[in-house]
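If you read the sequences in order, they're chains R, E and F. Each residue of the first sequence is one higher than the last, beginning at 1 in our numbering. Each residue of the second sequence is one higher than the last, beginning at 188 in our numbering. Each residue of the third sequence is one higher than the last, beginning at 783 in our numbering.
Hints were generated in silico from the structure; no laboratory data involved. Note that this is a predicted model, so its numbers are computed, not measured. Treat the hints loosely; a few may be bogus.
[What the hints assert, rightly or not] Here are the simulated lysine-lysine pairs, DSBU-like style, with alpha carbons at most 30 Å apart:
1) R:74 with F:820
2) R:186 with F:865
3) E:517 with E:403
4) F:815 with E:567
5) E:397 with E:201
6) E:287 with E:365
7) E:472 with E:504
8) F:894 with E:634
9) E:676 with F:904
10) F:903 with R:66
11) E:595 with F:903
12) E:676 with F:894
13) F:815 with F:865
14) E:580 with F:904
15) F:815 with R:186
16) E:308 with E:244
17) E:753 with F:894
18) R:148 with E:634
19) F:848 with F:811
20) R:183 with F:923
21) F:820 with E:578
22) E:286 with E:308
23) E:634 with F:904
24) F:811 with R:66
25) E:578 with F:811
26) E:588 with F:849
27) E:201 with E:250
28) E:578 with F:815
29) E:644 with F:894
30) F:903 with E:644
31) R:66 with F:923
[To be verified] Which residues of chain F face chain E? A few of them, derived with a C-beta cut under 8 Å, are:
32) 798
33) 874
34) 877
35) 878
36) 897
37) 899
38) 900
39) 920
40) 923
Where is the CB? At the ideal position from N, CA and C, for every residue including glycine.
Now for the letters of each chain:
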Amino acid sequence: MKIFIKFDFTQFCSRILDEKLDELNIKYRMLNFGEIEFLEIVSPEKLKAFDLILKQYGIEKIENQKVILVQKIKDSLIDMVFNADDTNNVKSSVYLSEKLGHSYGYLANLFSEVTYTSIENFVILQRIEYAKSLITNTDFSLTEIAFKLQYSSVAHLSTQFKNTTGITPTTFQRIIAKRRSLKNTKE
Amino acid sequence: MPFKFISNSERFLKIIFGVSLFVVLVMGGVAYRYIKELSNSINDVQHNYQVHIELEKMLSALKDAESGKRGFIISQDSTFLLPLLSSNQQIENSLEELKKLTLKDPQQQENIAELKEKIDKSLAIFEKTLQLSIANNPDSREFIAGFREGRQTMNSVRFKINEMTAHENDVLGLAKEKSVRRLSNAPMLLYYVLILSLLILLLTYLQISKNLKVLKVKNELLETFKKSTTQSEVISKHGNWIWHVEEDVYEYSDNLFRLLGEEPQSFEPNLENYLSFVHPDDVEKLSEHVSQMIEHEDLPFIHYRIIQKNGSIKHFKAYAKILVDADGYKRLLGTTADITDEIENYRLIEKRNLELERSNKELSSFNYVASHDLQEPLRKIQTFLSRLEDKEKDNLSNSGKLYIERIKASSSRMRSLIDDLLQFSRTNKSEEALEDSNINILIEAAKTDLAEIIADKKARIIVDDIPSMRAIPFQIKQLFLNLLSNSLKYSRENTSPFITVSYSKTNASDVPKVSHTKYNVFHTITIMDKGIGFDQDYAEKIFVLFNRLHNKNEYSGTGIGLSICKKIVENHNGYIIAKGEVGVGATFTIYLPIT
Amino acid sequence: MREDYTYVVLADDDEDDRLFFIEAFEELKIQTKVEVYKDGIELMCALNQPEAVLPNILFLDLNMPKKSGLECLIEIKENNRFKDIAIAIYSTSASEEDIENTFVQGANIYIKKPSAFNDLKKILSDVVTINWQYHTNGLNKDNFLLRL
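When you get a sec, could you build the whole thing from the sequences and use the hints?
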């Protein structure tokens, strides 16, 4: 006799994790699949025991230093973009390798591997996002925003804005304004 | 001011009339006085004459008596004594008469008394002598003495009578002198007064004839005005009416009757008759307005309909205003116009507008069909082609690959035609509002769109600082995109394109081929390239839809791009002018009004 | 914090376009789960199931029978349950005003359907990547506007 079974791998793993963590009396929260957040400080002994139990089911804790480093890269870049005034327009490559103590080549490779995007693109995205928040939340003119974000000209900002988002800053501004008035009329 | 003139002349005439009246009265008075004077002097003369006659009568009676006495004395015939008796009587009568005549003259009365005394004495002597003669004693001394005495007395009587006659003549002469003195001025004065009267009459005549002329001219003017009013009433299809407020009497102009479809003055103009023409649906409204008109003595613009006897419905518009003249007499002057044509025209325009709107809607739905329904199958053809190329490339023969290339070329040409046509039809003024636009940013955006070709051709594009202006941003971007891509496309082979975009201001009078415009100054943007250029003969033609100067195998293009440019510039009330020289380059100049 | 896969849903009445869409994701080296619906009504029915798993990105064709993409968009934006879904308009062509209007109505992405398959792949990959970046980098989704 042959039977076919269908099982939900996700549910199966979640169930095991729930049981074992409860056994160890660890307070936790399931984030996405494969991600657990401990809600208290867990002793090394308990962690070790948890690792051992998981190993029996073929589950392994990812000691992912890469992800942590990428997060550090992101944090540094965001810091650089939002505080453009203080960084004296240092190139992001120089800035990153000095701050994180790795070669830029290594960081760049690692970054694309984990995020599927380049550091350059990430910086542009962050800058444009910053520009967007300045457009929507402040009264700065485009010229002032371009200056604040260390673009050589409004035209340059507009071009990069358009390249990144497909629309011009003025169109963006208009859309956001119209959205707000639409929302106001609905409420 | 004609009215002032007339009132002045009226006063003038009154004055003249008064003066004339006065003069005639004075003249009459004077003439009466003279005539009276004249008749007085005639009376004087007659009186004098009568006194004379009476005196003469008396004298002749005395003489008769004397001669009778003498005759008797000589002949002793008593018949000679007969006149004696009548003479006595005669003398008595004459004396009485004289007394009456000279009643007002004391001198003469005195003289008469004296005369009477003398006559009596003379008669006494006469008697005495007569007695003596009868006694046949004529030669007696007594008789002769008496005779002499009689003769003396007679002489004294005669003398007295002469004296009296002279006195009477004196009195007459005195009166005559007096009246002559008075009367001698009379004709002269009368003559002068007559002349004066004539003068005044003449003056009056002149003035009246002058006024008459003015009145005639004015009358003619009024007549002309009346005619032109009647004519204008007919032409502009309106009629006038007057409501005499106090009497509640209406007057309608001829044309008002005609507007109602009736013969002029064919019915009595009153409210009731008029309302019988009004459309039943509007009677109430109009009556309300009329009662308001009667109450307020004013009629604002009202609209209503009437039905002519032949059944046709007309639309009327009426308006009236009160007119109070100097005497406080009130009239409401009204105008009623037939606006049927106007309303029909308006309806026609409305209908046309609806038709236009509908056809515009059809056009835009056609645009949608072109944009969506036509593009979709084309896009699929292209996508499947790309799939075919990717997946089945190895299974295709060389000719198969060639055919695929051809299909790709054709479909991409069709795509650009559809895209450009859509762009052209969407380039409408009404869709977008003008806003302050940074032209440099828009040019930069156009350059970004062209970045690939610019990089490929290693083109250099130099752009002046251009002030921001009121424009439809995406259209201006499209304009530069088309012009720049045009310049890049028609560049010379083996030479990297060099394009300059320069800015200046131009006065309207200096904008070529522009005869009149409401703007004074124009932004002037010039796009100049050193490409293959074109023959100046085609400078106008290149802006015409689907017009291409080159074979499509040489240069790709749909022949729509520059038409779009022209449309965009015209949407901005501007002008675009092309200049070209084969082998040297092309220059496009855009004039946009400074508003 | 990355998710295992991106869940994308397309509503398009055009069979060929649905095919291209599925094939493009198949060829892309991104972990995605793709679901397609053939019109707006079918889509909204599925989304409105109480236990429905909501997509990360929803692609809407504008011109669909019965219920247009814009109607779906407005309906989705009115329901707070769908607030985390990134909406991508996936259309043949439209005027600038139409595009702007969809953004105003709350669309995040406007995609003009490309005419080459490779372009489609590139666009879809970009959309997923950028959406993922918004998701992972905690960017303000209100400012997420992308036109491709």
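Which of the listed hints are not met by the structure? 1, 15, 19, 26, 27, 39, 40
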